[in-house]
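Undergrad: One letter stands for each residue in the lines below.
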Amino acid sequence: MSLLAILAPVLLLVIVLAFVTYAILFERKVIGWMQNRIGPNRVGPWGMLQTVADVFKLLIKEDVIPEKADRALFKLAPAIAFVPAFAVLAVIPFTETWKFTDFAVGLLYYMAVSSITIIGIMVGGWASNNKYALLGGMRSAAQMISYEIPLVMSVVGIIMTTGSLNLNDIVHSQKHVWFIFPQIIGFLVFLIAAVSELNRTPFDLPEAESELVAGYHVEYTGFRFAFFMLAEYVYVFAMASLTTVLYLGGWNAPFGLTIIPPIIWFILKFLLVVFFLFWLRATMPRIRVDQLMQFAWKVLLPLAIFNIFLTAVLKEVPGIGHFY
Amino acid sequence: MVLGLVKGLGITLKNMTKPRVTYRYPDEPLKMPDRFRGIQYLDPEKCIVCNQCARICPTDCIQLTGKKNPDPEKKGKVLDTFDINFEICILCDLCTEVCPTEAIVMTNNYELAVYSRDELFKDIRWLHENNQNIRSENSTNLIKKPGGKTT
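One line per chain: the protein sequences are A and E, in this order. Here my numbering is used: the first residue of the first sequence is 1, the next is one more, and so on. Here my numbering is used: the first residue of the second sequence is 325, the next is one more, and so on.
Just so you know, the hints here were simulated from the structure itself, not pulled from any lab data. One or more hints might be untrue.
[As the list claims (entries may be wrong)] Listed below are the simulated DSSO-like cross-link pairs for lysine-lysine, each with C-alpha atoms no more than 30 Å apart in a straight line:
(1) A:LYS29 - E:LYS342
(2) A:LYS298 - E:LYS355
(3) E:LYS331 - E:LYS370
(4) A:LYS29 - A:LYS68
(5) E:LYS331 - E:LYS355
(6) E:LYS370 - E:LYS399
(7) A:LYS57 - A:LYS131
(8) E:LYS355 - A:LYS29
(9) A:LYS175 - A:LYS315
(10) E:LYS342 - E:LYS355
(11) E:LYS338 - A:LYS29
(12) A:LYS131 - A:LYS61
(13) A:LYS175 - A:LYS99
(14) E:LYS331 - A:LYS29
(15) A:LYS61 - A:LYS75
For clarity, every value in this text was computed on a predicted model and none was experimentally measured.
Go ahead and model the full structure; you've got the sequences and the hints to work with.
TA: The structure is reproduced here in structure tokens:
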């Protein structure tokens, strides 16, 4: 048991790293296809080794620390950003048996731990001693804190229906109806807020290369830069898993197709969410910075609160009340 | 506004199935249009050593010498050496325009990247062996069509 307790997280880390490697390749491929291009195809068959080559290049780069940077914080920031990204995976139930914890407040844990990354980003921006990095870090902090609120509010509907913050219980209560159908408003708010939390297009203001030359990680090179990127893509993994668990029924098979093992169902739904993120990036332009905050506070938050009221009201309506 | 977002997503999704518009250039050579001004092809047999190409050349990149026809029965000169310096050649097409016998013509070849500048100095043999993708109007196997037009 204790051996498994050590090996399983290592295995998860390997899986996550493999996912990140091929998610980046697949992202570039999908964006390429959507722009009528081929995408990377030079390194390895079908470009399979492109990301490996890119990461290898980053690792052999010189590790530059700006002279006037705060050295200790500068070195610490990538770790602060990455560790929570991996830590949140502890509460994600992949299938009935493949899970790490049966944590009573799993959802709360996810939301709480994931916000620590903001500190890493802000520290990175501050310690770089660069105005663009600081601007990017501040924007990032403002954006991620603002969008965390609609993100949490949008899942309150699910918590009211399930009566639990445990992600396992949430999946179990989706045996018949996935929450995407009764909680469609919550789902849309969650999806938008999640994209914003991930700092991805159309909410990629913190790293807007055309405005901020890269945002909080301008001064970072080589391995440390790779760590920020890794944290970002591990969050893609985590957020796609969370979306699957919360709204797409987790490992539950639709239409009673239980012949296909639950892990395959989980992976399929998970990949659908990941594809959606890439698809969105290929389609949407960046949102304007002055509209960003208004959108979070004046549109998403009221919608999320409306969803809570709607759930509470519909719970009492006979006939459809058992869906909520 | 929301409809617009969905419409945009639809367009990108549809684009995924459309054919790619990129060229596989280094793997497959690009097909240049007719009348492209590429590296010259030289046919020494046709040359009458009139020197017009060297004189019209705006960058003076052509150097040629002739010798007396080895056959004493025939008049005129034959080509001895012919060099084009592609460091300064601007591929302006004037030498091929002015050539009275079409001894020098354009091809659709364009790959002149080399590791040393010396390699850009092309001689009579190299130019004669550059016999692929010759401009169709000047091609040696012209197909005569009624009305004097060729294809």
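Undergrad: Does LYS355 (chain E) lie within 30 Å of LYS331 (chain E) when you go C-alpha to C-alpha?
TA: violated, 36 Å
Undergrad: Are the Cα atoms of LYS331 (chain E) and LYS29 (chain A) separated by 30 Å or less?
TA: holds, 22 Å
Undergrad: Starting from LYS355 (chain E), check that the Cα of LYS29 (chain A) is at most 30 Å away, please.
TA: holds, 26 Å
Undergrad: Taking 30 Å as the top limit, are the C-alpha atoms of LYS61 (chain A) and LYS75 (chain A) close enough?
TA: With a Cα-Cα distance of about 16 Å, the restraint between LYS61 (chain A) and LYS75 (chain A) holds, given a limit of 30 Å.
Undergrad: Within 30 Å, alpha carbon to alpha carbon, are LYS131 (chain A) and LYS61 (chain A)?
TA: holds, 24 Å
Undergrad: Would the hint linking LYS370 (chain E) and LYS399 (chain E) be met if the CA-CA limit is 30 Å?
TA: holds, 14 Å
Undergrad: When you check the alpha-carbon spacing of LYS298 (chain A) and LYS355 (chain E), does it fall within 30 Å?
TA: violated, 56 Å
Undergrad: If you draw a straight line from the CA of LYS338 (chain E) to the CA of LYS29 (chain A), is it 30 Å or shorter?
TA: Holds: LYS338 (chain E) and LYS29 (chain A) sit about 15 Å apart, inside 30 Å.
Undergrad: Measure nothing beyond the straight line between the CA atoms of LYS29 (chain A) and LYS68 (chain A); if it is 30 Å or shorter, mark the hint as holding.
TA: violated, 39 Å
Undergrad: Quickly compare the C-alpha distance for LYS342 (chain E) and LYS355 (chain E) to 30 Å and report which way the hint goes.
TA: holds, 22 Å
Undergrad: Would you mind confirming whether the straight-line C-alpha gap from LYS175 (chain A) to LYS315 (chain A) stays at or under 30 Å?
TA: Measuring from Cα to Cα gives roughly 18 Å; hence the hint holds.
Undergrad: Would you mind confirming whether the straight-line C-alpha gap from LYS29 (chain A) to LYS342 (chain E) stays at or under 30 Å?
TA: OK: LYS29 (chain A) and LYS342 (chain E) at ~14 Å, within 30 Å.
In this structure, the earlier hints numbered 2, 3, 4, 5 are contradicted, and the remaining ones agree with it.
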